[in-house]
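J.: Listed in order, the protein sequences are those of chains A and B. Following my numbering, the numbering of the first sequence begins with 1 at its first residue and continues without gaps. Following my numbering, the numbering of the second sequence begins with 1 at its first residue and continues without gaps.
Just so you know, not all the hints are guaranteed correct.
[As the list claims (entries may be wrong)] To spell it out: a stretch of chain A is covered by chain B in this simulated footprint if at least three of its residues, at any positions, have a beta carbon under 8 Å from a beta carbon of chain B; those stretches are:
| # | segment |
| --- | --- |
| 1 | 332-343 |
| 2 | 371-379 |
| 3 | 421-432 |
Calculated directly from the structure, the hints in this document are not laboratory data. Positions of the beta carbon are idealized from the N, C-alpha and C atoms, including for glycine.
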Amino acid sequence: MSARSLRRGAVTFLFFLAPLAAGCYSISPSAGGGQTRVGNRYVNPGDVALPPGYRIELVARGLTFPTGVTFDDTGRLYVVESGYSYGEKWTTSRLLRVDGDGGTTVIATGENGPWNGVDFDDGAFFIAEGGHRDGGRVLRVSSDGSRKDVVLDNLPSLGDHHTNGPVVGPDGWIYFGQGTATNSGVVGPDNAKMGWLRRHPTFHDIPARDVKLAGHNFTSDNPLTNTRGDQATTGAYLPYGTPSLEGQVILGQTLCTGAVLRVRPSGGDVEVVAWGLRNPYGLAFGPDGRLYVTENSYDVRGNRPVWGAGDVLWAVDPDPAKALWYGWPDFHGDTPITKADHYGAPFRDRAPKFLLAEHPNEPPAPVVKLGVHSSSNGIDFCRSGRFGHNGDAFVAQFGDMAPAVGKTMAPVGFKVVRVDVRNGTIHDFAANRGRQNGPASRLKKGGLERPTALRFSPDGRSLYVVDFGVMTVDDNGPRPRERTGVLWRITWEGGQ
Amino acid sequence: MNILRTLRLVPLVLAAWSIPGCGPERRGEPHTEPLAGSHDESPVDPADPAVTRGHHVFSQHCHQCHPGGAAGQGPAINDKPLPVALIKNQVRAGHGAMPGFNDEEVNDDDLEAVVKYLKALRSLDERRG
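With the rest of the complex left out, here is chain A (with noise of 0.2 Å):
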């Protein structure tokens, strides 16, 4: 072998050692589904791959930011439209009959959303009002949205994750999801970047029990200045600019953020359900009588990036009594976010520190991880046998916001997924075909772009799958565009 072959062969070695050193990860840019520009969005069903034997049908278009879906006790079709989108879009929240020819009326409207979900009991609906505006609230609209009540309100929901997915229990209960003020419990400057800092200055984190800090401080430019080269420092569960102390208790209150809580549909005395879960989003009731919550998983972004933490479905015992905590800040799922090589973003951060000092209780194990930044939204089971996979859950994924919520290789979520909740398997149930995955409006096809929540039909027949729309993402961080929500409808010839 000559010299100069030699060479060459050294050369090629390093030329394919790079990306193995690096890893394919570090070397490839972010490539999220929203990272895109995209036209006016056309829908084809004919462009959704689903299972043998189940057909997608377009019900309703043009929505403006849709969230949610139910039934009346007549069977009646509605939907939600949040009124506030990620991106800071301000819009009227409203509540929508949806009629035979897909044509909608006005039953009832809020000026203080987001509104993220809805249900149906007693006859009035139920709607979690994320209230960035005013706080959170539980709003009980009647029937015919004559009359709207508050059942609930100062909800901390003023933060980066808001009041979520209702769901009447059946021991008439109604549960819903708080989300967390912030990532990970440090407020930063990604909260500014998110819009609510400026707007509400001092609102941070509250657990739900007292917890003790180890007294880990972040040290961010400030954005809440404009003097140059200014700083703050902050601790968990503090305002930003205020740092925490070792040993320091945070009293615990009811009305806390990242929690499952529950409140009688007359209002009055609200129970803790879970705590410590990050972004509680959808909320479903199993066969099995347990509670199973989605949680938006962490983010890798502000004072303490987490990196690859995939959203969880959990199984939750509705008693009171029975409370756990879930893991948010210090846990993904059950594992520890201090594990280097697991959460630490490859090559750049070292893994968080755990912020608490002792922790409540060691989480239970989730049912499973889904995917990495795939907000898995909202979820319901089928119980009838005229749909096929009875006992399963369906969870609708929102998709993936990179670059704002960290780097993705690929497009994640943008789907349906179903979870056999027995032997805790996920499976593909409702995605665009092609080969590759992605928002609709990315693969400049018709179908599928940010579903965001579903639910079976009373009769059991059809899964309605709300479509959020089109949401770019680039630097600045989210672009929504209005009128571009889908209501789906899908059902399986072998249950008809």
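Dock chain B against the given chain A, drawing on the hints supplied.
T.: Using the frame of chain A, we list chain B on its own:
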């Protein structure tokens, strides 16, 4: 000289390993159909409980970054004809951005099951083209 000739093969082996890892995000349509009954020519028996066990373990640990075997946070793994030993080494040691999973997280039996599940996934993809 024999050693030098062997060394010349190293770049090719590395290329075979690294290029697929950075390759396209998915081959074929999304897997909406069940694995069972969908790949008669597969050397993997879809009724094998180990495949279901592997699917469960995959859903706990792998799906997050490789949803359904496709790319996401990490690259696609449903189209990589890697030898079993390399798959196991990748899982145990982690390479690049991927973390390693020790035998407390994924024990040896579960790792075997995941490999079987990955084979089933790959054969499904190959059948669907």
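J.: Each hint: holds or not?
T.: We went through each hint and held it up to the structure:
Counting residues of the segment 332-343 of chain A whose C-beta lies closer than 8 Å to any C-beta of chain B gives 3; at least three are required, and the coverage claim holds. Coverage of the segment 371-379 of chain A by chain B holds in this model, with 4 residues showing a Cβ closer than 8 Å to a Cβ of that chain against a need of three. Only residues whose beta carbon comes within less than 8 Å of a beta carbon in chain B count, and the segment 421-432 of chain A has 10; three or more means the coverage holds.
Taken one by one, the earlier hints all hold for this structure without exception.
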